[in-house]
Amino acid sequence: MRVDRAFDRLRGNPASDRLFYGASELGDFSLVWLIIGATRGLRSERDWHAAARVGGGLAIESVLVNGLIKSLFRRTRPPWDPERTVRLRRPRTSSFPSGHATSAFSAAALLSEDDVLWPAYYAVAVIVASSRVYVKMHHASDVVVGAALGAVMGHMARRVLPLKPAPVSESHAPGRG
Numbered sequence: 421m422r423v424d425r426a427f428d429r430l431r432g433n434p435a436s437d438r439l440f441y442g443a444s445e446l447g448d449f450s451l452v453w454l455i456i457g458a459t460r461g462l463r464s465e466r467d468w469h470a471a472a473r474v475g476g477g478l479a480i481e482s483v484l485v486n487g488l489i490k491s492l493f494r495r496t497r498p499p500w501d502p503e504r505t506v507r508l509r510r511p512r513t514s515s516f517p518s519g520h521a522t523s524a525f526s527a528a529a530l531l532s533e534d535d536v537l538w539p540a541y542y543a544v545a546v547i548v549a550s551s552r553v554y555v556k557m558h559h560a561s562d563v564v565v566g567a568a569l570g571a572v573m574g575h576m577a578r579r580v581l582p583l584k585p586a587p588v589s590e591s592h593a594p595g596r597g
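Heads up: the sequence shown begins at 421 in this note's numbering, then just goes up one per residue.
Since the hints were made in silico from the structure, they are not lab data. The reader is advised that the hints may include incorrect statements.
Taking lysine to any residue and the SDA-like style, the derived pairs with C-alpha atoms no more than 25 Å apart in a straight line are [stated by the list, open to error]:
1) Lys556 <-> Val544
2) Lys584 <-> Gly461
3) Lys556 <-> Asp448
4) Lys584 <-> Pro499
5) Lys556 <-> Met421
6) Lys556 <-> Gly461
7) Lys584 <-> Arg510
8) Lys556 <-> Arg422
9) Lys584 <-> Ile455
10) Lys584 <-> Ala571
11) Lys556 <-> Arg463
12) Lys584 <-> Ala479
13) Lys584 <-> Ala435
14) Lys584 <-> Arg463
15) Lys584 <-> Leu462
16) Lys556 <-> Leu462
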């Protein structure tokens, strides 16, 4: 409730609406993460492997979260406001945990390995995840748990599928990793 009231102060502001509704929509089906991953993949062969790992990791994350974990919970979503200024896809799955938050932090963890842009990946993850509370698709606790779950899943995937060390000519400054 407190978090929702804090977002109420931002809701209706044209700039905030564009940012959060846009982020929520780009988060559908992990589109923003596939675009960012593909863009990273253009830099080098090693980055292409990182991009492919993000795509595969998000596919597995989606099956686990949307197919398995959400089926264990039957949490209802916040009340639907039929008079929204922006139309969004209304998911049919449980509200808990937030799939947008899970995929956001899973992708950020995977993309951030050995990349100087790691702060940007996490900044986008925070915006996408928090957008779900802003647009009233999730409760704040759905997003917090989804973000934590996604971070854990992303770091586990990094251990299972590590990137090969970068050749000296391609090395990036050490990122969060």
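Cross-check of the supplied hints:
no.	hint	result
1	Lys556 <-> Val544	19 Å, holds
2	Lys584 <-> Gly461	14 Å, holds
3	Lys556 <-> Asp448	15 Å, holds
4	Lys584 <-> Pro499	47 Å, violated
5	Lys556 <-> Met421	12 Å, holds
6	Lys556 <-> Gly461	33 Å, violated
7	Lys584 <-> Arg510	40 Å, violated
8	Lys556 <-> Arg422	14 Å, holds
9	Lys584 <-> Ile455	22 Å, holds
10	Lys584 <-> Ala571	21 Å, holds
11	Lys556 <-> Arg463	37 Å, violated
12	Lys584 <-> Ala479	21 Å, holds
13	Lys584 <-> Ala435	41 Å, violated
14	Lys584 <-> Arg463	15 Å, holds
15	Lys584 <-> Leu462	17 Å, holds
16	Lys556 <-> Leu462	35 Å, violated
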